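**Student:** Put the two chains together into one complex, using the hints given.
What follows is each chain in one-letter form.
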Amino acid sequence: MEVLLEFFSRFVDQLQKPVLAFLLAGMVVSAFNSKLRIPEAIYQFCVFMLLMRIGLKGGMAIRDGNFLDMLLPAIFCVLIGIGIVLLGSVTLARLPGIKKDDALATTGLFGAVSGSALAVSMLTLESEGIFFEGWVPALYPFMDIPALITAIILANIHLAKQKSGSHVKVDIMPIIKDCLRGTALTVLIIGVVLGLVTKPDSVYESFFNPLFRGFLSILMLVSGMEAYSRLRELKGVAHWYITYAFLGPLIHGLIGFGFGYIAHLLVGLSPGGVIMLAIIASSNSDISGPPTVRAGIPSANPSVYHGTSTGLGTVAVIALYVPFFLALGGIVFGF
Amino acid sequence: MQLYKTKKVTIITEAVILDNVIKITKELGADGYTVDRVAGKGESGGRFGYDIGGMLSNVRIEIITTEELAKKIATEVEDRYFTNFAGIVYLQNVEVCAKKFCVSG
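So the protein lines, in turn, are chains F and S.
Each step along the first sequence adds one to the number in my numbering, with nothing skipped, and position 13 is 13.
Each step along the second sequence adds one to the number in my numbering, with nothing skipped, and position 22 is 1022.
Keep in mind the hints are simulated off the structure, nothing from the lab.
Among the hints, a few may not be true.
Unchecked claim - When the alpha-carbon atoms are kept at most 35 Å apart in a straight line, the in silico DSBU-like pairs for lysine-lysine are as follows:
| hint | chain 1 | residue 1 | chain 2 | residue 2 |
| --- | --- | --- | --- | --- |
| 1 | S | LYS1023 | F | LYS100 |
| 2 | S | LYS1072 | F | LYS100 |
| 3 | S | LYS1008 | F | LYS100 |
| 4 | S | LYS1072 | F | LYS177 |
| 5 | F | LYS161 | F | LYS235 |
| 6 | F | LYS161 | S | LYS1023 |
| 7 | F | LYS163 | S | LYS1023 |
| 8 | F | LYS177 | S | LYS1041 |
| 9 | S | LYS1005 | F | LYS163 |
| 10 | S | LYS1008 | S | LYS1072 |
| 11 | F | LYS100 | S | LYS1041 |
| 12 | F | LYS177 | S | LYS1026 |
| 13 | F | LYS161 | S | LYS1008 |
| 14 | F | LYS199 | F | LYS177 |
| 15 | F | LYS235 | S | LYS1041 |
| 16 | S | LYS1008 | F | LYS177 |
| 17 | F | LYS99 | S | LYS1072 |
| 18 | S | LYS1071 | F | LYS161 |
| 19 | F | LYS169 | S | LYS1071 |
| 20 | F | LYS169 | S | LYS1005 |
| 21 | S | LYS1071 | F | LYS177 |
These figures come from a predicted structure and were not determined experimentally.
Chain S with its partners taken away, still in its complex shape (with noise of 0.2 Å):
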């Protein structure tokens, strides 16, 4: 079996901006995401979502895609949101069976 080298990025983060969030991705070109609802405690505190509006919910958003386009959505992700939002931003490597993930453009 071919397996092929690449990245996932992945996004923990408010569920107020989940939209937005995706939205940036996508227009910075991925075309998918993976996304659920998690909590857990970091530096803005324990976010266990347990509020009526959802305002202490949070979600992680992983999205497969290419080394060059992780890295952008990574950096346009920490500098638009976390100033203000509670996230954090990491990138793996991971190794997937379809080549359309690591080939760029």
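Pulled out of the complex, with its shape left as it was, chain F reads as follows (with noise of 0.2 Å):
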């Protein structure tokens, strides 16, 4: 009971945010079917800005801190990843009516991480002023990749099979190759980098910093547009995909805040940290994760899962599961 007040009044607070506000403003502009387009170069760049900004302050914190820390907490994001879709592949995609690749697909990118989400995740914890490990986001890779790659594989086993017993030969390492190359990854990782073996605090102060609020309201807008545009690719899917979109985040946000627990535990991560990881876990790939699952599993309706993933599950975890997972962190830890 009272995890569901402090959420309530979390998410009251929420809706008055600019973040939630400019991503329900897309989705208004897109149900008028308004002409407003952002340029595609902008919203790139947008996401340029949001993920130098999570790098660099994720190398400043690894070249600070203890590497050994990192150690389990990256260990869990693998081992979230990969359980994320298995549990979808026993659970969604053994429903009635569901196609196993489509589920497949989707549990994928469900397991995979949203550079957004992640976004906002940060401002919110930073501006209620609660401490988090700076390298805590940066670790997405680790749950991002082995998702994705995951459901690929179980997809292309059962294809397969389908094809009666042929022997399936899936290459791996095309697929972690297509995602380090991704932009979202590269630039992460060259923030990483350069946050760790250089010292770019002051660039980090003076640009990334102050803008990184203002870029994410555009992608928020971006954001808000798309889901409305893939929203109307559900019509005719099946409804458990809608009830998915719902329960799944929380659910993963709960493993991930289990593990997070553990790590809390072990290797004190901070509850900052914890609730990060939760909410990690949570998110859902929207940008660079569909047309990695596109090519990786052809047969796969992208209306489903791009429709799932971009339309509703991003949404759900901006609108719902990030003031649920800092209300639960609240009272789990107290503060």
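**Tutor:** Okay, here's the thing in structure tokens:
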């Protein structure tokens, strides 16, 4: 009960924050069929700014911190990423009327991570004055890549079985390369490396940090417009996906919170770090994941997974689960 | 001015498989291509490339080559991709200035 009350007050807070307001505004704009288009170059630059900021902060935190502290949370991220997909493959994928490859593509995206949800949760924790280790958000590739790979492998095994048990061979390396070469991860990795080996503090303080909020709000507007368009694609898709889009992030986030709590006990991960890990686990990929899945599981229907993830999942995480896990953290750790 | 008759193969398909299609044409022996981003509507619905990740972007790949290779590329791309991906491939007669495009091998 206490969690719910706390969540409700956080939710109302969240509604008044520019982040969610811009997201909803984007949805309204799209609902009215507005001709407003944010040029591709602009939102790609927004993604660049956010991930560079996350990366730099991560790199600087690793430089100042203990490398060993990161090891356990990084391993947990891999386990959570794979676990979410396995969980989906024995639940969502087995429901009546669900095509298995569609379901696996969807769980792959829900195991993967959204850069924008990550940015939102960083901003929320920072504005609440809750400390978290700066390297926690930079752990996201450790969850993102294993989730996408597991989903692609499982789907290809399934498809090979359908073709009278022919031998299945999935080349993992090209998928990993593809993920790492994607815009989001490339920027994140550059940021981490620069933060780690150089001293980018001045450019971080004078440029990337102050502009973070502004660029995030533009990206939220674009994400809102995008979400509404993808929502329309969901017409005629099994209603289980709608349930999954709302229930999945909650369960995944709770798993993340659980693992985070273990890391809290074992290696002293901060409460803010636990909340951050929960939100990373809760979030779903909406930018770089869908094209990877499209290429890796060609037979899956893009309307299903793209719609479920970008249309519903992202909005659910930002509107509901960021405040929820913040509230849960507040109660568990007492702040 | 001497013009040489040869073929142009055009592939319009999803941007997400661009690299793979280029790789195949290269493996089959085509030594170049032209690519541009396009938008439009077909069997798979409208694809106007407004989405963030580029899932709904289309590309048009054009390769000028010998008739034999053009047909090979068209068949291979059609067989390999167009069950699951949106796309169309067609051949046109073209006349080019450089002789190398119409001599096979």
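**Student:** Next, verify each hint and record whether it holds.
**Tutor:** So, going through the hints one by one against the coordinates:
no., hint, verdict
1, S/LYS1023 to F/LYS100, "29 Å, holds"
2, S/LYS1072 to F/LYS100, "34 Å, holds"
3, S/LYS1008 to F/LYS100, "40 Å, violated"
4, S/LYS1072 to F/LYS177, "29 Å, holds"
5, F/LYS161 to F/LYS235, "30 Å, holds"
6, F/LYS161 to S/LYS1023, "28 Å, holds"
7, F/LYS163 to S/LYS1023, "26 Å, holds"
8, F/LYS177 to S/LYS1041, "32 Å, holds"
9, S/LYS1005 to F/LYS163, "43 Å, violated"
10, S/LYS1008 to S/LYS1072, "12 Å, holds"
11, F/LYS100 to S/LYS1041, "28 Å, holds"
12, F/LYS177 to S/LYS1026, "20 Å, holds"
13, F/LYS161 to S/LYS1008, "39 Å, violated"
14, F/LYS199 to F/LYS177, "28 Å, holds"
15, F/LYS235 to S/LYS1041, "19 Å, holds"
16, S/LYS1008 to F/LYS177, "32 Å, holds"
17, F/LYS99 to S/LYS1072, "34 Å, holds"
18, S/LYS1071 to F/LYS161, "32 Å, holds"
19, F/LYS169 to S/LYS1071, "29 Å, holds"
20, F/LYS169 to S/LYS1005, "43 Å, violated"
21, S/LYS1071 to F/LYS177, "32 Å, holds"
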